[in-house]
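Q: Sequence:
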Amino acid sequence: MIVQEGTDEAMIAAINAAPRAMVFLTVPWSGPERTARANFREAVARLAEIGLQVEAFAVDEESDVGQGWLSSLGLLVTFDGVGVPEGWGAVLWLEHGRVVWRIGRGIDERVVGIISRSKALWQ
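Taking the working numbering, the leading residue of the sequence shown gets 1217, the next gets one more, and so forth.
Treat the hints as calculated values from the structure; they're not laboratory data. Values in this document were obtained by computation on a predicted structure and should not be read as measured data. Any given hint could turn out to be false.
Unchecked claim - Restraint ranges, calculated between C-beta atoms of paired labels, are given here:
| hint | residue 1 | residue 2 | range |
| --- | --- | --- | --- |
| 1 | ILE1266 | GLU1311 | 27 to 33 Å |
| 2 | ALA1261 | LEU1337 | 27 to 33 Å |
| 3 | SER1279 | GLY1313 | 15 to 21 Å |
| 4 | GLU1225 | VAL1315 | 15 to 21 Å |
| 5 | GLY1267 | ASN1232 | 23 to 29 Å |
| 6 | GLY1267 | TRP1245 | 34 to 40 Å |
| 7 | ALA1261 | PRO1235 | 28 to 34 Å |
| 8 | GLY1222 | ARG1314 | 29 to 35 Å |
| 9 | TRP1245 | VAL1316 | 17 to 23 Å |
| 10 | SER1287 | GLU1221 | 26 to 32 Å |
| 11 | ILE1266 | TRP1245 | 30 to 36 Å |
| 12 | GLU1258 | ALA1230 | 28 to 34 Å |
| 13 | MET1217 | ARG1314 | 29 to 35 Å |
In this text, a Cβ means the ideal position worked out from N, Cα and C, and glycines have one as well.
All chains, please: the whole structure from these sequences, using the hints.
A: Below, the structure written as structure tokens:
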């Protein structure tokens, strides 16, 4: 399974259309985010190996499109209280564009946590 990356309206439309989607919120400046991103990619690969059907995406949470999308989900103030990205590699689990679970600090979740949460939701 490939993590689709981008920050345009087509990507947001694909996320919203996906029956099951995992979205990693990325920023270019954070060390913890890079570790969390590697964990996310590894978890996505393992989920594909066990046959769990889910689409995976990475969205720049600082971009205008990313901020607009997060705002539409009511999540801008959820992460730090003022709408500024924290850069901890947040992960969202969505069904048809609706958030069913989220973690604000993906760095704390690790590969096994991402897999466990995904299996609990969708297996």
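Q: Okay, SER1287 versus GLU1221 on CB: inside 26 to 32 Å?
A: violated (21 Å)
Q: Quick check: does the Cβ-Cβ distance between GLY1267 and ASN1232 fall within 23 to 29 Å?
A: With Cβ atoms ~24 Å apart, the hint holds.
Q: Using the beta carbons of ALA1261 and LEU1337, state whether their distance is inside 27 to 33 Å or not.
A: violated (18 Å)
Q: Taking the CB of GLU1258 and the CB of ALA1230, does the distance hold inside 28 to 34 Å?
A: Because 22 Å falls outside the window, the suggested range is violated.
Q: Indicate whether the distance between the beta carbons of SER1279 and GLY1313 respects the range 15 to 21 Å.
A: For GLY1313 against SER1279, whose Cβ atoms are near 18 Å apart, the range 15 to 21 Å holds.
Q: Mind checking the hinted window 29 to 35 Å against the Cβ distance between MET1217 and ARG1314?
A: violated (21 Å)
Q: Could you check the hint for me, namely that GLU1225 and VAL1315 are 15 to 21 Å apart, CB to CB?
A: holds (19 Å)
Q: Taking 17 to 23 Å as the stated bounds, is the beta-carbon spacing between TRP1245 and VAL1316 within them?
A: violated (29 Å)
Q: Verify the CB-CB distance for GLY1267 and TRP1245 against the hinted window 34 to 40 Å.
A: holds (36 Å)
Q: Lying within 28 to 34 Å: is that true of the beta-carbon distance ALA1261 to PRO1235?
A: Given about 20 Å between the Cβ atoms, the range is violated.
Q: GLY1222 and ARG1314, beta-carbon distance inside 29 to 35 Å?
A: Violated - the Cβ-Cβ distance for GLY1222 and ARG1314, about 21 Å, lies outside 29 to 35 Å.
Q: Against the range 27 to 33 Å, how does the distance between the Cβ atoms of ILE1266 and GLU1311 compare: consistent or not?
A: violated (19 Å)
Hints 1, 2, 7, 8, 9, 10, 12 and 13 from the list above are not met by this structure, while the remaining hints are.
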